[in-house]
Amino acid sequence: MVKNKKGIPRLLAYAINALLFFVFLGILNSLIASGIFSSYYVKILMLIAINIILAVSLNLATGFLGQLPLGHAGFMAVGAYASAIFMKATPLPNFVAFPIGLILGGLVAAVFGFIIGIPALRLRGDYLAIITLGFGEIIRVVLLNIDSVLGFNFTYGASSLKNIPKTTTVTNAFICVSIVLIIIHTTIKSKHGRAVLSIRENEIAAESCGVNTTYYKTMAFVMSAFFAGMAGSLYAGYVGILNPSGFAFMKSIEILVMVVLGGMGSMIGSVISATALTVLPELLRSFSEYRMVAYSLLLIIVMIFKPSGLMGTYDFSLSRIIGKCGDKISSHLRKGKEGRR
Amino acid sequence: MSVFSTIVSQIFNGLQSGSVYALVALGYSMVYGIIMLLNFAHGDIIMVGAYIVWILMSFLALPPAIGAVAAVAGCTLLGVAIEKVAYAPLRKSPRLSLLITAIGVSFFLENAAQLVMGAGSKPMPTIIKGTNIEIGSAHISFVSVVTIIVSVITMLLLTLLVQKTKMGKAMRAVSEDMDSARLMGININRTISFTFAVGSALAGIAAVLYSCAYPQASPTMGSMLGLKAFVAAVLGGIGSIPGAMIGGFAIGLLEALVSAAGLSVWKDGVVFGILIIVLIVKPTGIMGRKMNEKV
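Residue numbers (the working numbering), protein chains in the order written: chain W, 1 to 341; chain F, 1 to 295.
In short, the hints are calculated from the structure, not lab data. Among the hints, a few may not be true.
Unchecked claim - So, partial list: chain W residues that the calculated Cβ filter (under 7 Å) puts toward chain F:
hint	residue
1	N243
2	G246
3	A248
4	V260
5	M292
6	V293
Computed from a predicted structure; not experimentally measured. No residue lacks a Cβ here, since even glycine has one placed at the ideal position from N, Cα and C.
Assemble the whole structure, with the sequences as input and the hints as a guide.
Right under this line is the structure:
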């Protein structure tokens, strides 16, 4: 039976998901408006949204494609600076400039991802890890020193790019999260996504089945870079001040920890661990010096004892759950009817 | 200063840092050759070695010779311990897991050092004393001459070890084909541990030499040094021992050249740019062999 495999029709599933998302946004907004969530909580909420986008986009390259980019913070930095410079220069009103800045940040990062990915992804093995690591460092050095070459203030180097309009809000950050999740989810479930997954499972087998491995590797990698750049532009609109030192190797590792802990290849895992690893350090402020030690130990222990992460490759599907509940209810009803008869 | 003396002193600077890079790159290359792992923790072993020297010489006021020997011994033990605890349980798992574990170990060492020793850098006492040498009008520091001589001797010993001894033969066999080597009765685990021990001992020597040149120890000193040495290993052809030596000296000289041209802020950028160019043009490096993938 092809029809009704998951219990409820797809259109209804989409409608329920959209409804729940808007209810969630509405609750958040009313909590903020009523003052139950202080501005401190609002900041953490925005940071959660940014980290979710970062973790899910890295998961696309690490979990679904099976590569290990170590320069995710570099893509984030490129996107952040591109959109920040645009937002500072543009005369457009914020509600027009914000989406343009967001897409611009993503596109610039995607272009860099393409330039880096084309040579790196043709090769097998750990080369992508090495090249992206080098790229992340180069980006940092360039952002720090480019002004002295150009002769005018462009990125403001070590003295930080200041006074970026703070356009990121909880609402638009979470709308971005939902868009990113939808795009990545539908891509992974499509024909292209299956090709990407087949490369992860066995590259040689995928190639001999006629999958254009370089094309699909580059596609997934560029997508991952695009969303990292988008997260970067959200971040720029969130902090309002950018410094290249914030995008060092350490930041890339932090994102990697979120992905590995949540489970490589599980989007819900990335969302949960990005949320947890953003909230926990805030709760445990007094232990902040132990945080990075704990992160690194966590990484080693997870790899040795549960290399699939907390969620493995499990993904959450609301329509599947609703479908199962529906099946149970209807079977109960049927049993009830039969019993009465 | 004349042009000649500038050139000579810059060449010696480059050879000095290059020999440190070469020693570290050897460790990367040997480990990669044998278990196909980029040992990210290798750079941080140097940092631990530098702290051992600092503790023994500044804290306990012991003579430099003891400090140097203890640093090499400490690094060797640490390298073997890391292999046993973190890498050995993952011998059968995918390479991605191994790589992530290596990153985890590297960050653990850095942050643990920061927790124990504090984030600030510690001033290193003088390890090697001697008068500077003069060639014409150029001054060459005694430290750089000692560094170059020590590392050349170490590399010669390493080449002898790998080419002439039974253990070296076993190492070459395991890196060629691990399963066949096991069938020939070679103890794989012992050979891998031995490789880590040798690589880490080289890192210990590099730690002492590096502390002579840049007399301070800080928790993050190993990461940049390690990354650059890694670039050297890739440039020379990862897995190849003479390649690592050539790559190390090449990176050292290049850095000295960039600094001499007055572009020292771009030094790191240039090194990583070289890495990307090498990987695009000739991914196997200068001395590397092309590896065919078996199905």
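Exercise. Taking the numbered hints from earlier one at a time, note which ones the structure violates and give those numbers from smallest to largest.
Key: Structure breaks hints 1, 2 and 3.
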